[in-house]
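All chains should be modelled from the sequences, with the hints used to inform the complete structure.
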Amino acid sequence: MNVTLQELAEALGADVDGDAQARAQGVCPPHAPMAGHVVFLDKPGQAEMLKGAGVAAVLCSRTADITGFNLLRAEYPKLAFARALAFFNPTPKPAPGAHARACVHPEAVVHAQASIGACAVVEQGAHVGPGTVMHAGVYVGPNAHIGENCTLHPNSTVLQNCVLGDRVTLHSGAVIGADGFGYVLHQGEHVKVPQVGRVVIGSDVEIGAGTTVDRATLGDTVIGDGAKIDNQVQIGHNCRIGRGVIICGSVGISGSCTIGDYAVLAGQAGVSDHITIGARAIIGGKAGVTRDVPEGKFYSGMPAGPHRDAMRQAGALQKLPDLLKDLDALRKQVELLNKDEA
Amino acid sequence: MNVTLQELAEALGADVDGDAQARAQGVCPPHAPMAGHVVFLDKPGQAEMLKGAGVAAVLCSRTADITGFNLLRAEYPKLAFARALAFFNPTPKPAPGAHARACVHPEAVVHAQASIGACAVVEQGAHVGPGTVMHAGVYVGPNAHIGENCTLHPNSTVLQNCVLGDRVTLHSGAVIGADGFGYVLHQGEHVKVPQVGRVVIGSDVEIGAGTTVDRATLGDTVIGDGAKIDNQVQIGHNCRIGRGVIICGSVGISGSCTIGDYAVLAGQAGVSDHITIGARAIIGGKAGVTRDVPEGKFYSGMPAGPHRDAMRQAGALQKLPDLLKDLDALRKQVELLNKDEA
Amino acid sequence: MNVTLQELAEALGADVDGDAQARAQGVCPPHAPMAGHVVFLDKPGQAEMLKGAGVAAVLCSRTADITGFNLLRAEYPKLAFARALAFFNPTPKPAPGAHARACVHPEAVVHAQASIGACAVVEQGAHVGPGTVMHAGVYVGPNAHIGENCTLHPNSTVLQNCVLGDRVTLHSGAVIGADGFGYVLHQGEHVKVPQVGRVVIGSDVEIGAGTTVDRATLGDTVIGDGAKIDNQVQIGHNCRIGRGVIICGSVGISGSCTIGDYAVLAGQAGVSDHITIGARAIIGGKAGVTRDVPEGKFYSGMPAGPHRDAMRQAGALQKLPDLLKDLDALRKQVELLNKDEA
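Protein chains in written order, with our numbering: chain U, 1 to 342; chain Z, 1 to 342; chain R, 1 to 342.
Source of the hints: derived by calculation from the structure; they are not laboratory data. There's no promise every hint is true.
Note that identical chains are pooled: a pair holds if it fits in a single copy or bridges any two copies.
[Said to hold, decoys possible] Once the Cα atoms are required to be at most 35 Å apart in a straight line, the calculated DSBU-like pairs of lysine-lysine come out as: (1) 78 x 192; (2) 43 x 192; (3) 93 x 339; (4) 93 x 192; (5) 93 x 78; (6) 78 x 43.
None of these values were measured; they are calculated from a predicted model.
Structure (structure tokens):
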């Protein structure tokens, strides 16, 4: 692809500040500038790196103080950057239809505009919507329902009865609908509590590589519209993840938790079972959440508490070894004072 | 399915307290009661939620104080609940035999009563017992041995020479028998220590989605009968996991650890290598176990110690920032006292 | 295999101290000695365990004080042990060529000396080098490039455009090249930042079961030559992992981190985004790295700091509950002193 800055600016929602007829053919990162490519700078100081590379334009904010380059100024420059990446790198979509080596059960309903890859399996009673791409090795279980324009990357798995909305992306190795972890200890034996519920995922959800979402014991484990979940996250049975929630890599959420809309959980955080995290709350990396978190609050630490407190405690802990010495000295002084007095 | 409470009570090991001829057709959760369904209540107060829903019966303890409903009273109500779920939701079992798109090596031994799904692969010398179901995309490596009535969910993997007992469940994405992590650093190169042992899993074991159990360097990594392991658990080479052990999600166990019978490891706990955890010990969530844990003890924290100590320390840490101020004040008072005395 | 100790010693780089014509047929662990087998002892005291078992020889250091056995003395005994395991347990290599049930795109380039397993998929434009083994269920995406003598274990996944050097091992469930985790929040919607870069893996790299390495937003996520990565590790987009780095199980590394050559990250450690860890640095188990780590330093704790400090703090924390009592007592004494003085 090779377009004028004028054409590009229109596609991105930006304005050209410079030569609108200059041509751009791609996007490159600032540390490896390429001739004819567009560079996104969120820090104007990085413009130094671009000198002499012949970049087509710099994508920046309305007010960035950058000279010596054609500029694409945008009100939302990071959004324009995302759009530029999509503009120059359209995702190739496989042709509709099932690969000769796909296994689609005769009683599955696969839309003619869906694409089913090699060695992908669609079981009896499953439904796959139009525009959806199931790549090679994907499994969709009995009576599962996959909406429109979803992308199921190679070797991802959706088990029986689970539901995906529209425009859902599952990355490789993701597993939707494995059994929740429930047993009754009876006479020295862990008797399994059958997990007969489902996982129901809204629309515009993205689920990372190796992430697992367990089906409910009864009823549904729910992932709300627009939630974005990174790699290797574990979500237990009967959880309810709100709309637009962000869950970073390697987070673990125990069973029956409720995560409010637009909450953010940073990497390796863990949440005990039956916890409620309020809307727009933020949970710090590696935090261990053992009690409910109010709306909009930032909690961190283990056990997690208000982030400011956790920071104060961590700071105080650093002083603690010296404090032990100080206290010893003080104790001796007081002893002396006592002795003198006596 | 639609049965009288009398029939159901017999199946569950419960007694009817109410209309034994009333009919039930399923189980529903208390927060979403459905007409004609049975509800399990472990807290009698929840009965309020059921008013007017027309539930068939409430499953509860022998002594629960609940009125206005048919009751199914059980000595072990949670066990009866598990049985009720199984009763109304029998797991459909695929027909025996290999799918036309399964790949079974001619020198593998697959019992006529086993079921092998589409794109599942059984390698040379492997053995699959009667009643076992290998779903689509499952891999069973050379000379692996899978017992009777096991369930290997889609896209799970058992590598060469590994052994599964009877009634073992592997969830999707589980990997049994990948190489242990062992190298010798020699002249700037990490030389691999070949991992030539096996994983040997007992009977009635359940292994969660995305969980990985590494093969031993020499000899066996062992998972005892009745152990239940949740999703995304990592178990290193040469570990010995006891009978009936419970390991919750995202736990990591380094190499050569011994976990005693019926020990419980909560979510995201980690265990250093060569550690022994005693029988019936409990390890708290996110704990980091760096030394042996005696039988029956509850350890938590990082580094893990007796839970009571860890709790006292966490409580004291919360007071530490204020304590720093107190200590400063005290120091000034003592200085004054010293000055006065001088 | 059955060889004289003389032959074996030559293969391992060791010398025979004893009967050079005695024969050995395998390697066994010291806790389960077998007749005719070689045992590696790094602690001479373990020789007690071997009495009467008829082991062929003990592999040990040049100076180990062990009597009553044939010895294989090596300058690097652990290296010789690794070689002995490889010597007696050669990895069977499947015949070259594609299984009848493999799916190789006509426009993929698969070397005649590569081996492609059942239900493995090689997409358009991909390249697979000589001697490489792709086991069953492996996926290699469009335009991916796999070098020579690599081993891709069953159900591992390499996505589009990614590059593996020579002698790379991917264990089952590993996912190379899933999308990095990047969004722009715009008017209540998380807009995806397309991830159009690659993952580029050097030679002699090993990647564990269930490990995920995300592709770069732009440019490359890089894994250096000889890096060894354990199971269930998560590596974010745009990271640069150095040569010979060791990453243990369940570690999580956020986006845009740089890990210096031969650094070691212990189990369940986490690294915040945009962090640089210096060459040969060591990160303790469960550490949370939130700021840069200098070359060669050992950091631990959360937030991670110099290990000695972290240890002092942990030790001090254990004394803190008693210290609170001491401080109370001291405060009362000072109060008394003040009163007396007044």
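We went through each hint and held it up to the structure:
1. 78 x 192: For residue 78 and residue 192, only the inter-copy Cα distance (11 Å) is at most 35 Å; the intra-copy one is 49 Å.
2. 43 x 192: Between. Shortest inter-copy distance 21 Å satisfies the 35 Å Cα cut-off; intra-copy 55 Å does not.
3. 93 x 339: neither (87 Å within a copy, 83 Å between copies)
4. 93 x 192: between (42 Å within a copy, 17 Å between copies)
5. 93 x 78: Within one copy, since 25 Å is at most 35 Å while 49 Å is not.
6. 78 x 43: within (12 Å within a copy, 51 Å between copies)
Hint compliance for this structure: hint 3 alone is broken.
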